[in-house]
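Engineer: The chain contents come next:
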Amino acid sequence: MDDAASGASRAVRISPEDVQRFCEFLYRRTGMSFTEGKRYFIDHRLEDRIAATGSPSFQAYFSLLRADADHEIEHLINSFTVNETYFYREDHQLRCMTSDLLGGIVGHKPPGSTVRIWSIPCSTGEEPYSIALWLMENWPQVDDYNIEIVGSDIDTRALRAATKGIYGDRALMRLSRDIVARYFRPVADGKHEIDEGLRDSIQFTRANMIDAQDMAKYRDFDLIFCRNVLIYFDDASRRQAAENLYDCLRPGGYICLGHSESMSRISPLFSVCRFPDAIVYQRPEADHG
Amino acid sequence: MADSGTTAKARILVVDDSSLVRLYYRSTLEKAGFEVEQAINGIEAMERVLSQRFDMVIVDVNMPRMDGFTFLRSLRCGADDTATLPALMISTESETQDIAEARAAGANFYLVKPVAEAELLRHVCVLTGAPL
Amino acid sequence: MPLVKGGSKGSAAGGVSTARPPALDSADAESRWAAARALAGQADAVPVLSAALARETVPRVREAIMTALMRTGDAASVEAILPYLRSQDAGLRAAAIEALQGLPSAIAPFMAPLFSDPDSDVRLLATELARNMKASEATRLLCALIEREQHPNVCAAAIDVLTEVGTPEALPALEKCAVRFAATSFLPFAISMAISRISGGEG
Chain V
151 MDDAASGASR AVRISPEDVQ RFCEFLYRRT GMSFTEGKRY FIDHRLEDRI AATGSPSFQA
211 YFSLLRADAD HEIEHLINSF TVNETYFYRE DHQLRCMTSD LLGGIVGHKP PGSTVRIWSI
271 PCSTGEEPYS IALWLMENWP QVDDYNIEIV GSDIDTRALR AATKGIYGDR ALMRLSRDIV
331 ARYFRPVADG KHEIDEGLRD SIQFTRANMI DAQDMAKYRD FDLIFCRNVL IYFDDASRRQ
391 AAENLYDCLR PGGYICLGHS ESMSRISPLF SVCRFPDAIV YQRPEADHG
Chain A
-18 MADSGTTAKA RILVVDDSSL VRLYYRSTLE KAGFEVEQAI NGIEAMERVL SQRFDMVIVD
42 VNMPRMDGFT FLRSLRCGAD DTATLPALMI STESETQDIA EARAAGANFY LVKPVAEAEL
102 LRHVCVLTGA PL
Chain Y
420 MPLVKGGSKG SAAGGVSTAR PPALDSADAE SRWAAARALA GQADAVPVLS AALARETVPR
480 VREAIMTALM RTGDAASVEA ILPYLRSQDA GLRAAAIEAL QGLPSAIAPF MAPLFSDPDS
540 DVRLLATELA RNMKASEATR LLCALIEREQ HPNVCAAAID VLTEVGTPEA LPALEKCAVR
600 FAATSFLPFA ISMAISRISG GEG
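Protein chains in written order, with our numbering: chain V, 151 to 439; chain A, -18 to 113; chain Y, 420 to 622.
Hints were generated in silico from the structure; no laboratory data involved.
Any given hint could turn out to be false.
[Claimed, not checked] Below, computed lysine to any residue pairings styled on SDA-like, alpha-carbon distance capped at 20 Å:
{"no.": "1", "chain 1": "Y", "residue 1": "LYS424", "chain 2": "V", "residue 2": "PHE230"}
{"no.": "2", "chain 1": "Y", "residue 1": "LYS424", "chain 2": "V", "residue 2": "ALA311"}
{"no.": "3", "chain 1": "A", "residue 1": "LYS12", "chain 2": "V", "residue 2": "THR185"}
{"no.": "4", "chain 1": "V", "residue 1": "LYS367", "chain 2": "V", "residue 2": "GLN353"}
{"no.": "5", "chain 1": "A", "residue 1": "LYS12", "chain 2": "Y", "residue 2": "PHE608"}
{"no.": "6", "chain 1": "V", "residue 1": "LYS259", "chain 2": "V", "residue 2": "GLU435"}
{"no.": "7", "chain 1": "Y", "residue 1": "LYS595", "chain 2": "Y", "residue 2": "PRO571"}
{"no.": "8", "chain 1": "Y", "residue 1": "LYS553", "chain 2": "V", "residue 2": "PHE175"}
{"no.": "9", "chain 1": "Y", "residue 1": "LYS553", "chain 2": "V", "residue 2": "ARG178"}
{"no.": "10", "chain 1": "V", "residue 1": "LYS188", "chain 2": "V", "residue 2": "PHE230"}
{"no.": "11", "chain 1": "V", "residue 1": "LYS341", "chain 2": "V", "residue 2": "TYR238"}
{"no.": "12", "chain 1": "V", "residue 1": "LYS259", "chain 2": "V", "residue 2": "VAL292"}
{"no.": "13", "chain 1": "Y", "residue 1": "LYS553", "chain 2": "V", "residue 2": "LEU176"}
{"no.": "14", "chain 1": "Y", "residue 1": "LYS553", "chain 2": "Y", "residue 2": "ALA531"}
{"no.": "15", "chain 1": "Y", "residue 1": "LYS424", "chain 2": "V", "residue 2": "HIS409"}
{"no.": "16", "chain 1": "V", "residue 1": "LYS314", "chain 2": "Y", "residue 2": "LEU422"}
{"no.": "17", "chain 1": "V", "residue 1": "LYS259", "chain 2": "Y", "residue 2": "GLY425"}
{"no.": "18", "chain 1": "A", "residue 1": "LYS94", "chain 2": "Y", "residue 2": "GLN569"}
{"no.": "19", "chain 1": "Y", "residue 1": "LYS424", "chain 2": "V", "residue 2": "SER351"}
{"no.": "20", "chain 1": "V", "residue 1": "LYS367", "chain 2": "Y", "residue 2": "VAL423"}
{"no.": "21", "chain 1": "A", "residue 1": "LYS94", "chain 2": "Y", "residue 2": "HIS570"}
{"no.": "22", "chain 1": "V", "residue 1": "LYS367", "chain 2": "Y", "residue 2": "VAL467"}
{"no.": "23", "chain 1": "A", "residue 1": "LYS94", "chain 2": "Y", "residue 2": "VAL541"}
{"no.": "24", "chain 1": "A", "residue 1": "LYS12", "chain 2": "A", "residue 2": "CYS106"}
{"no.": "25", "chain 1": "A", "residue 1": "LYS94", "chain 2": "Y", "residue 2": "ALA459"}
{"no.": "26", "chain 1": "Y", "residue 1": "LYS553", "chain 2": "Y", "residue 2": "ALA563"}
{"no.": "27", "chain 1": "Y", "residue 1": "LYS424", "chain 2": "V", "residue 2": "SER263"}
{"no.": "28", "chain 1": "V", "residue 1": "LYS188", "chain 2": "V", "residue 2": "LEU214"}
{"no.": "29", "chain 1": "A", "residue 1": "LYS12", "chain 2": "A", "residue 2": "ALA97"}
{"no.": "30", "chain 1": "A", "residue 1": "LYS(-10)", "chain 2": "A", "residue 2": "GLN33"}
{"no.": "31", "chain 1": "Y", "residue 1": "LYS553", "chain 2": "V", "residue 2": "HIS221"}
{"no.": "32", "chain 1": "Y", "residue 1": "LYS553", "chain 2": "V", "residue 2": "ASP384"}
{"no.": "33", "chain 1": "Y", "residue 1": "LYS424", "chain 2": "V", "residue 2": "GLU287"}
{"no.": "34", "chain 1": "Y", "residue 1": "LYS553", "chain 2": "V", "residue 2": "LEU214"}
{"no.": "35", "chain 1": "A", "residue 1": "LYS94", "chain 2": "Y", "residue 2": "ARG599"}
{"no.": "36", "chain 1": "A", "residue 1": "LYS12", "chain 2": "Y", "residue 2": "SER604"}
[Stated by the list, open to error] Heads up, incomplete: computed chain Y residues facing chain A, CB under 8 Å, no partners named:
{"no.": "37", "residue": "GLY510"}
{"no.": "38", "residue": "ALA513"}
{"no.": "39", "residue": "ILE516"}
{"no.": "40", "residue": "ASN572"}
Think of the CB as a built atom: it goes at the ideal place given N, C-alpha and C, for glycine as much as any other residue.
Produce the entire structure from the sequences given, and follow the hints as far as they go.
Structural biologist: The structure is reproduced here in structure tokens:
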């Protein structure tokens, strides 16, 4: 294809036009965009990925990227985002949940009704436990309803860890000492185990978001947190997942994506809703036709 | 709104799935002193419009996931003042029915591509109240 | 504790309003939606999906039918979706392009006929389909198009794709285009951007 990989030990030359091409691809594909001031950020990561893939030129790398060879898109996006999971991550969405979403959700429900919330993927459990903690700490009406929280993931090892509910300091870094004291107990190796009552109240299941049959077992959710996973899927899988998630929501139910994600790159099935703390997406209330 | 005496630049949202078209409009408009944001389709446009103040939107028709007509109709149905956001629709279609559809969807003006810089600026100035 | 560990199933039997199995010809959109989704990837369902698409008016059901066809992804599915590039409905055209974009190998044999279509709107939309192809193949197809294309908007669309995927082989065709459209708005700008991107790096 291109010239022989001469000077493989030298850094590959990346021109401003190459960076433009790359940025436009990234923006089109993911919605991520960077101001002039953040250009260095891109240059470094692009260099890293070119080196990591052993690409002899920008063009060779760009072809690889466009073909998503060896899951390069996933590696690239990972290099641009912080991937740690921890308690109260992106808490503005949790705030949106209690400030704005739940009001609409329970508006038509009598007290004692069920509110169903899904965290998918739930990874090692920080997200569903965070939802539970946040509700108990911040929702005045938390005792008026039966709240079902389900946490699902494709990774059974992560699920096992989630059911154990044992976390290190980094995972707890956003929680106040007071919350840690009330909901966790110290265990070996300086870690903390979340309260047994909480562990028992979250249902953890294995589910594959792209598998319609798997997802058919899940229905009538009022709120779904689906954060930082769809951005990694290819177009066809994102579309499939969006259709599946739509079916899992009640009409009028909401879905929250990750902070770098947007339905504009996924599906037109949901309406855009802007609240003070977050943009969320809603399955339309009524079915027309 | 730009008028004599204010320094606030009018803010324009450019919605087109072609990066070259967005670049073209942006360079024309920024040279003329406007602030420009971009979106690639109607869904992203809706997110931007709901999150930031704009003085007008320039919107293409053929875009993936949500076309320009669907976006405009949604915009006009909104409950707040985004519903009256001035909209310049720019499309490749030139049939009378397309112009009628644009009007019905809520476009203030309709232009056919390719658009000359002067023509773009003239319509933008009318819709934002900026001096020509 | 207000938290309860429920079953994973919803309390109600989902949103399907009838007790009958979902059907593509149901009067209820929810039922048609479910039926289309259930047929995804089934090659022998392409004819019924195609027929359903022809009469479907609800956008999300149309898209579910197209997704179902996409999952099969063979020549028959492509043929079922292609006519909608000619639709008067912008949403339907966009849905068709999106579905076809996911099938770069299946659409490949159709590219030359699409680029020779008498309808400039079809030629224009078809340029988008080259975006997900290999750079050399996309460049070859798009250059063949712009070399004979008279309609500025079709060229503009092809040039937009070339800006992303074009190889240096595209430069001669782009330079000829620049001459042909020198007096047209936007095209000189677009062509110079494309040329600069393609030849900018040594890459």
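Engineer: Keeping to a limit of 20 Å between CA atoms, is the pair of Y/LYS424 and V/GLU287 held or broken?
Structural biologist: holds (19 Å)
Engineer: Y/LYS424 and V/HIS409 were given as a pair; does the straight-line alpha-carbon distance stay at or below 20 Å?
Structural biologist: violated (29 Å)
Engineer: When you check the alpha-carbon spacing of Y/LYS595 and Y/PRO571, does it fall within 20 Å?
Structural biologist: Cα-Cα ~13 Å, so holds.
Engineer: Is the straight-line distance between the alpha-carbon of Y/LYS553 and that of Y/ALA531 20 Å or less?
Structural biologist: holds (16 Å)
Engineer: Does Y/LEU422 sit within 20 Å of V/LYS314, going by the straight-line distance between their CA atoms?
Structural biologist: It holds: about 18 Å lies between the C-alpha atoms, which stays within 20 Å.
Engineer: Within 20 Å, alpha carbon to alpha carbon, are Y/LYS553 and V/PHE175?
Structural biologist: Judged against 20 Å, a Cα distance of about 15 Å means the pair holds.
Engineer: Can the restraint linking Y/LYS424 and V/PHE230 be considered satisfied, given a maximum Cα separation of 20 Å?
Structural biologist: Violated: Y/LYS424 and V/PHE230 sit about 37 Å apart, past 20 Å.
Engineer: What's the verdict on A/LYS12 and Y/SER604, does the C-alpha distance respect the 20 Å limit or exceed it?
Structural biologist: holds (17 Å)
Engineer: Holds or violated: are the alpha carbons of A/LYS94 and Y/ALA459 at most 20 Å from each other?
Structural biologist: With Cα atoms ~38 Å apart, A/LYS94 and Y/ALA459 exceed 20 Å; violated.
Engineer: Is Y/LYS553 within 20 Å of Y/ALA563, Cα to Cα?
Structural biologist: Holds, because 16 Å separates the two Cα atoms, which is no more than 20 Å.
Engineer: Taken at face value, is the distance from the CA of V/LEU214 to the CA of V/LYS188 at most 20 Å?
Structural biologist: Outside the cut-off at roughly 24 Å; violated.
Engineer: Assess, step by step, whether the Cα of A/LYS94 is no farther than 20 Å from the Cα of Y/VAL541, and give holds or violated.
Structural biologist: holds (16 Å)
In this structure, the earlier hints numbered 1, 15, 22, 25 and 28 are contradicted, and the remaining ones agree with it.
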